[in-house]
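Protein chains: 2
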Amino acid sequence: MTSASPSLFDTAADAAREAPFWAASDPATRAGLLQALARVLEQHRDPLVALAHGETHLGSVRLQGELDRTCFQLRAFADFVLAGSLHAVEHDAAVDGPPPRGRPGMHRVRVPLGPVAMFAASNFPFAFSVLGGDTASALAAGCPVVVRAHPAHLQLSRAVFHLVQRVLHEQHLPSGLVGLVDGASVEHGAALVQHPAIQAVAFTGSLRGGLALQALAAQRAVPIPFFGELGSVNPLVVLPAAFSAQAPEALAAQLAASVTLGMGQFCTRPGVVVLVGCEASRRFLAALALHLAEAPAHPMLTPAIADAYLSGAQALRSTAGVGVLLEPSLERMGALLATVPAADFMAREELRHEIFGPAVLAALCEDEQALVPVLQSMAGTLVATLWGAEADAPLARQLVATATARAGRVLFGGVPTGVAVTRAQQHGGPWPSSTQPASTSVGLHACERFLRPVVYQGAPGWLLSGFPSERS
Amino acid sequence: MTSASPSLFDTAADAAREAPFWAASDPATRAGLLQALARVLEQHRDPLVALAHGETHLGSVRLQGELDRTCFQLRAFADFVLAGSLHAVEHDAAVDGPPPRGRPGMHRVRVPLGPVAMFAASNFPFAFSVLGGDTASALAAGCPVVVRAHPAHLQLSRAVFHLVQRVLHEQHLPSGLVGLVDGASVEHGAALVQHPAIQAVAFTGSLRGGLALQALAAQRAVPIPFFGELGSVNPLVVLPAAFSAQAPEALAAQLAASVTLGMGQFCTRPGVVVLVGCEASRRFLAALALHLAEAPAHPMLTPAIADAYLSGAQALRSTAGVGVLLEPSLERMGALLATVPAADFMAREELRHEIFGPAVLAALCEDEQALVPVLQSMAGTLVATLWGAEADAPLARQLVATATARAGRVLFGGVPTGVAVTRAQQHGGPWPSSTQPASTSVGLHACERFLRPVVYQGAPGWLLSGFPSERS
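First to last, the protein sequences are chains A and B. Once you know that position 227 of the first sequence is 227 in the UniProt record's numbering, the rest is easy, because the numbers rise by one and skip nothing. Once you know that position 223 of the second sequence is 223 in the UniProt record's numbering, the rest is easy, because the numbers rise by one and skip nothing.
Next up, chain A with everything else stripped away, as it sits in the complex:
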């Protein structure tokens, strides 16, 4: 943090001071802010993308697309707020007579939790950062936000924050609605989670960092909810039918593009492919190795991420049963492709951990029935992809059930990278992919993380007239 920046304490206190105002704000005010934030990002598109590329190396095409997605998301939350369901009241009319049937009138509303600490992700400098989905959903829900900037794109974070402050000023809204804390140290993040003004945490990052912060959130004098989106292996299960529908080489090209996008630095990148060891699979893997080798490479987000990727690759190559087809080195920072017999994959838990980067491990099964136990051996994941499960068959049903038990999103065909921002989206899966699998950090349900129900029993008329809408 520069000496000119306000302290973490001041920033959190500012957010707390504005929380009641923002909780009481009307849909038009909230939506107006979200729309203006989308506009200001678009107005400064080129310099922002240049700044982002300079810090992250992610390239203009990807970053332009990410900025579009971020603006689309801000506007989707604006529309959602205007549609009114966040402010909807659930009403049980009074019923005369003795209980249990007789009852007083009840009005259930949802109230914002208060200031949200938002930990920006390294790998999405726009969409999971200062004006990303967590900030958009928290503001939509009526909560001020204190963003912990990611050290991997600090200049961009400050530039976006500067624009946010300008928009707040233009809209005559208090500057404390969005705060920025950009101390890079671990202690700084810990202090934010422990600050008494903070009422909830939204985190996207590593399993280790997330679990440490979650423990701090639980140990506070008053514990607060911690919504962590952590690591994920995102298995892709290939039924042999997939190779009848599409050539193995075409599917390999599709997968290679997904794995290497942004140097594999995606939480939804498929890290494990489960295949039956047949001729088509061999063609698929050969083509995959070629496409991965040819994919353009660029520096990873931070030296620490690059180091961890290389260490992960090295650990993988020295694991019994693993054969390496392609591997990165200090000189050639590119993709990793390895294979392992399914039996070894199931026997060695360390093979089922995420390697963050453009890495794929192919687990080879003796027959298609073995696909199920391999998937069963895997932990919770953000997304599981099934290829060739389109036809109704017992094995497809079994794989869907197994994937459903392990993932927040189950994908039929295609690749899991690129998470659509829709109402129904679910980006959060069973542990360890997220700390609260019933919540999502993408899609309109993301707002629910920051709301708590309150029921008014026998509420007077003046209170009821304050509810923006009512359904019964």
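It should be emphasised that the hints constitute simulated quantities derived from the structure, not laboratory data. A portion of the hints provided could be inaccurate.
[To be verified] Partial selection, computed: residues in chain B whose CB lies under 10 Å from chain A:
{"id": "1", "residue": "Pro-151"}
{"id": "2", "residue": "Cys-278"}
{"id": "3", "residue": "Gly-380"}
{"id": "4", "residue": "Leu-451"}
{"id": "5", "residue": "Gly-458"}
[To be verified] Here chain B is said to cover these stretches of chain A; the calculated rule only asks that three of the stretch's residues, wherever they fall, bring their Cβ under 8 Å from a Cβ of chain B:
{"id": "6", "segment": "65 to 73"}
{"id": "7", "segment": "106 to 118"}
[Claimed, not checked] Residues of chain A placed beyond 10 Å of chain B at every Cβ, according to the derived structure:
{"id": "8", "residue": "Leu-51"}
{"id": "9", "residue": "Gln-165"}
{"id": "10", "residue": "Gln-254"}
{"id": "11", "residue": "Arg-348"}
{"id": "12", "residue": "Val-454"}
{"id": "13", "residue": "Leu-463"}
Ideal Cβ placement from N, Cα and C applies to all residues, glycine included.
Assemble the complex: chain A is given as a structure, and chain B must be docked to it using the hints.
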């Protein structure tokens, strides 16, 4: 546990074995079971109530009413399942074109978490026990239940469990859908929370017990959600206007009945009354002391609860500033009434802890503006009651805002005991009254605790036809 009972391990394993079957069951099957469970309770009403009274001393009138409420609740969840919203699918149709607007088709469903460990409460032998709200909502959500019987009413728990097993047999449903574990030791409860088959915990009980079990749930190899409904002080704030609308003596009678109901062993019993020290308040307190002294007393649920109540009363009387108007003793196990100046109440945190039993502490303010800081000094609570806040005035608005920030239910007039089972009900407030304040353990939203969203992207037709209903 009797030596003839199945082991905890077997019971949890049975539940896990039946989980996929029950998750896939249709609404008619689930509702049919819930309705049959209500019927069997009613058919055995008199012997069950006699058994319950013998173990809990709660009296036939209260227990008959509690049985009615339990049956009403089972049927309410049956109706809810039949109405279909639990199985509803949220559908985002595919949109052509590039992202972010273009998107694949998405179908969002909610899937049951799996076996739920349910810790029965001491104070509701029917409504928060073997067939109580947690069991009803978990079964409705599609989860098997393993009930940890409360030692305070073990015979009743076994009798109800025997009836449950009969109903399951008659409905040709597997016996493992509802299990009973009745070991009384703390270790037994801990082992249940730690059992790998258990996927969520619903707990009603003490703060200390709840926090210990919650820590175990978080420390598992795969952590699971812990829904604890813990202690609560349930403040009642009396604006002077209340005494203009109703005579202080009438209001005192109403409060005394609420405080002494079931020997004060209610999680929603008002434990603190905040008043302005005026003449009407003095009349109110004098009448309250009389009514409390005259209230019929009966033994408390367990010797340990009686001991804790007497210790709490003794600690209160020895706290500086506290004046005791009425107190219990080993010889006269009745109500406790004490007063304290608001300044002392705010200065001493220990005065704001729950005393489980028929206890009321009156905090006396110098003027009505002081009501707000007294309420602000209090921690999260299941319910906050406001008397005299019916007219629209700045103080009433301030008190409603303060109560809303601290409670899951805000009540205007009347008494907080007697929680109506309605769709909109919210029984769960900010910490420490519950561990997950966004959830409720009463009302139809209680099912949500045991469900997790999954989105299917590009789902094939055969999967879609399996969804019972669809909205878009």
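Going down the list of hints, with the structure as the test:
1. Pro-151: Not OK, violated: Pro-151 (chain B) not within 10 Å of chain A, min 27 Å.
2. Cys-278: violated, 23 Å
3. Gly-380: holds, 8 Å
4. Leu-451: At about 7 Å, which falls below the 10 Å cut-off, the nearest Cβ of chain A leaves the hint on Leu-451 (chain B) intact, so it holds.
5. Gly-458: holds, 4 Å
6. 65 to 73: Check passed, 5 qualifying residues.
7. 106 to 118: Satisfied; 4 residues make the cut.
8. Leu-51: Correct as stated: the minimum Cβ-Cβ distance to chain B is 21 Å, above 10 Å.
9. Gln-165: holds, 26 Å
10. Gln-254: holds, 14 Å
11. Arg-348: holds, 17 Å
12. Val-454: Val-454 (chain A) not clear of chain B: closest Cβ-Cβ about 5 Å, inside 10 Å.
13. Leu-463: At about 6 Å from chain B, Leu-463 (chain A) fails to clear the 10 Å cut-off, so the statement is violated.
Going down the numbered hints, you'll see the structure goes against 1, 2, 12 and 13, while the others check out.
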